[in-house]
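S.K.: Chain by chain, the residues run as shown.
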Amino acid sequence: MTLFLIRRTLGFLATLLGVSVVVFAVMNLLPGDPALVILGIDSTPDAQAALRSQLGLDAPLAERYWHWIAGLAHGDFGVSYAFGVPVSGLIAERLPLTISLALLGTALTLVTALGLGVLAAANHRRFGDWAVMLVSQLGIAVPAFWLSMLLVLLFAVKLRWLPPGGFPGWGEPLAALRSLILPAVSLALVQGAVLARVTRSSMLEVMRLDFARTARASGLSRSRIFVRHILPNALVPIVTIAGMQFANLVTGTIVIENVFYLPGLGRLIFQAISNRDLFTVQALVLMFAVIVVTANFAVDILYVLIDPRLKARLA
Amino acid sequence: MRRNSTTSAILFAIGLALAAGPACAKTAISIGLQQEPTSLDPTADATASIDGMLAHNVYESLTTVAEDGSVLPDLAKSWTISDDGLTYTFKLVEGTIFHDGTTFDANDVKFSFDRAMGKDSVNPSNGIFEPIESVTVIDPNTVQIKLTRKDAFFLFNLAQGDASIIDPESAEHNNITPIGTGPYKFDGWTRGDRLKLVKFAQYRDADKVQIEKIAFRFISDPAAASAALMSDEVDAFPGFPAPELLPQFEADPRFTVEVGSTEGEVILAMNNSRPPFNDIRVRRAISYALDRKAIIDGAMYGQATPIGSFYPPHGKAYVDLTGMYPHDVAKAKELLKEAGVAEGATMTMRVPPFPYATRSAEIIQAELAEIGINAKVENVEWGFWLSEVYKKLNYDMTIIAHTSPNDMGNFARGKSYFYGYENPAFDALWNQIKTEADEAKRDELLKQGQKMLAEDAVHGFLFQLPKLSIVRKELSGFWKSSPVLFQPLEQIRWTD
Chain W
1 MTLFLIRRTL GFLATLLGVS VVVFAVMNLL PGDPALVILG IDSTPDAQAA
51 LRSQLGLDAP LAERYWHWIA GLAHGDFGVS YAFGVPVSGL IAERLPLTIS
101 LALLGTALTL VTALGLGVLA AANHRRFGDW AVMLVSQLGI AVPAFWLSML
151 LVLLFAVKLR WLPPGGFPGW GEPLAALRSL ILPAVSLALV QGAVLARVTR
201 SSMLEVMRLD FARTARASGL SRSRIFVRHI LPNALVPIVT IAGMQFANLV
251 TGTIVIENVF YLPGLGRLIF QAISNRDLFT VQALVLMFAV IVVTANFAVD
301 ILYVLIDPRL KARLA
Chain R
1 MRRNSTTSAI LFAIGLALAA GPACAKTAIS IGLQQEPTSL DPTADATASI
51 DGMLAHNVYE SLTTVAEDGS VLPDLAKSWT ISDDGLTYTF KLVEGTIFHD
101 GTTFDANDVK FSFDRAMGKD SVNPSNGIFE PIESVTVIDP NTVQIKLTRK
151 DAFFLFNLAQ GDASIIDPES AEHNNITPIG TGPYKFDGWT RGDRLKLVKF
201 AQYRDADKVQ IEKIAFRFIS DPAAASAALM SDEVDAFPGF PAPELLPQFE
251 ADPRFTVEVG STEGEVILAM NNSRPPFNDI RVRRAISYAL DRKAIIDGAM
301 YGQATPIGSF YPPHGKAYVD LTGMYPHDVA KAKELLKEAG VAEGATMTMR
351 VPPFPYATRS AEIIQAELAE IGINAKVENV EWGFWLSEVY KKLNYDMTII
401 AHTSPNDMGN FARGKSYFYG YENPAFDALW NQIKTEADEA KRDELLKQGQ
451 KMLAEDAVHG FLFQLPKLSI VRKELSGFWK SSPVLFQPLE QIRWTD
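Respectively, the protein sequence lines represent chains W and R.
By my numbering, the letter at position 235 of the first sequence is numbered 235, and the numbering carries on one by one without gaps.
By my numbering, the letter at position 200 of the second sequence is numbered 200, and the numbering carries on one by one without gaps.
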């Protein structure tokens, strides 16, 4: 187990280093000059040159990369070209929103998907199954941004139950939660549709196995069979998909944050790329990479917890 | 009894809160903006929304500009100009303080100008300061500016956010905590969400300012902007991004919808330094190929005024030259043939990511196909556009709006400017225009300039970018048209 952890951690660090080199190279190869973006098309070449030297853009590429990575080792993400403030601060002020949104979205996804998936499997080839299949098919077909616009029209414009967008900050917990409901629901409905189908088919597969039949023959109640025997054995594919979806969810917030004008990381990275704000983009991409890799890592750990056979093999 | 009194206290509080709701609304306003800046210092960043929110609200300049474009006094209460037109003496307002409590005087003016004119200046419009020779403090309330040459636009330019008067003590941090002398002071910025202003009680005309609290909300998505207006999240959207959604608001009795003008001329720019566009016949052929009405109907849902040269239709010196190259496919084909451009010749159109540009591009592509030009549309990102099209002139055609006022001088910037256009006759004319102090004479010259550019068919001149604003019926004071990038908010009123 320890060896497994060490190997995974080393792989994790190597991935991050690779990502940082690629991002740095891509951002520098992309045509575009941060100084010109900041000063606009009516500025004089003198002013652009002055700003470039102020931002340290006149140093050679390798030197700039070294500076950045050395700073990073000390926990210093650098200063944003565009905002003129430390990148760590920019990220820190936006992280709570994106994380809350992703967690809330995941929780809603899991609840709806597991609920609907189990419902469909339990009612195989009956009405409940067909209804779930139909709704989830719709969920897969509908793009999240379109669904969110419909939700806004209904719940914010027409019924006025919830705000159409914006985020007041966790200083006002109730208002903050209210403004996260619609974005989280739009994230969850689309993601949940996929997961519900996976849950259903995985459950159906397990139901056909011998031990399920034995359990039924031994006279256990239907609900007990489902909860104690079938669901745990059906979990491996569900956890795999859920892990991938969590990573999707974090990046999916980029679109959702635009539709609901939420001050999260998604909008920040969008703005940073347009501004050629190298250090901000670097830090954000690294962070997204960390989240994705961590999610994969968590899935691996969960496998071991779910499936005792794996634990035996690792030991 | 005790419970009763608690209950009634709660009910009373709720009642108060409900009653306070509408009363608060009378002095607070929430304004939607599409573009969020990354810095709050207009003297170091060209983003239009910095001026839009802060110029003449938080910051002030020596002069200001009214909705009709006329220059008015601001921090300078009056001025005299020497007979040779080279020395300006400004009398400054007295008893004005910055939001951090420091007093405003002539030294702040000198500091602001010297900073913008310095060798390491990053002022985005340091062209404004180019004619200035020196700034001298005569006494705390008088400042004298000497020019190296006459500049007809000098007083107008001084009103811009780039020439804001700032305080030496706080200038360094204006990018995050802006400090000026204006009617509103900065009250916080949640990046990605909103920026707040609050009335500055010690402002010299504080009694004329009615709105106490302003929140700018950053909403870039047009559908989200529309939802925010419909659900009362914002009271006004002075630069509404989607012309196609206007009819919905026109039909809604809660809103006033205005279609005004901006200083933005939208052009189909042709790279004059590159064949075949160095041939005037090709440029004229393309001008004949354009059907402005179809472009405006398709790209702007009919909400824009066509232009035939490079000058805003609401300007005093405007001449209508849209008839110079009427939509005429046969004529265009004939000219192309004369110039030796083969049928089916391929040209690219590199289009920046603005709705007016991407939508116009599709229609223009179809119109060029009619005259036998195979135009390939490349949608590029803004940073790419700036570096490839604007800086390296690596393009055939592009679509772009020039939003600065008095920007006809672009055509006198020589071959290295992205137009690739050079005409000594126009350079001489522009020199005359920018130094002519007599307004009537200058207007005459501006008319000549418009004609010269249209005759040269430098670009395809398309339309003037409209200013679409949607504002609550009860609000007054928003400008219909924008002669400048800013919008003074001290004039905004809630009326019943």
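Heads up, some of the hints might be wrong.
[What the hints assert, rightly or not] Taking lysine-lysine and the DSS-like style, the derived pairs with C-alpha atoms no more than 27 angstroms apart in a straight line are: (1) R/K196 <-> R/K473; (2) R/K473 <-> R/K337; (3) R/K391 <-> R/K434; (4) R/K391 <-> W/K158; (5) W/K158 <-> R/K451; (6) R/K208 <-> R/K480.
It should be emphasised that the hints constitute simulated quantities derived from the structure, not laboratory data.
S.K.: For every hint, state whether the structure bears it out.
M.R.: Status of the hints after comparison with the structure:
1. R/K196 <-> R/K473: Holds - the C-alpha atoms of R/K473 and R/K196 are around 23 angstroms apart, at most 27 angstroms.
2. R/K473 <-> R/K337: Violated, at about 56 angstroms.
3. R/K391 <-> R/K434: holds, 25 angstroms
4. R/K391 <-> W/K158: Violated - the C-alpha atoms of W/K158 and R/K391 are around 48 angstroms apart, more than 27 angstroms.
5. W/K158 <-> R/K451: violated, 52 angstroms
6. R/K208 <-> R/K480: holds, 21 angstroms
In the structure shown, a violation is registered for the earlier hints numbered 2, 4, 5, in ascending order.
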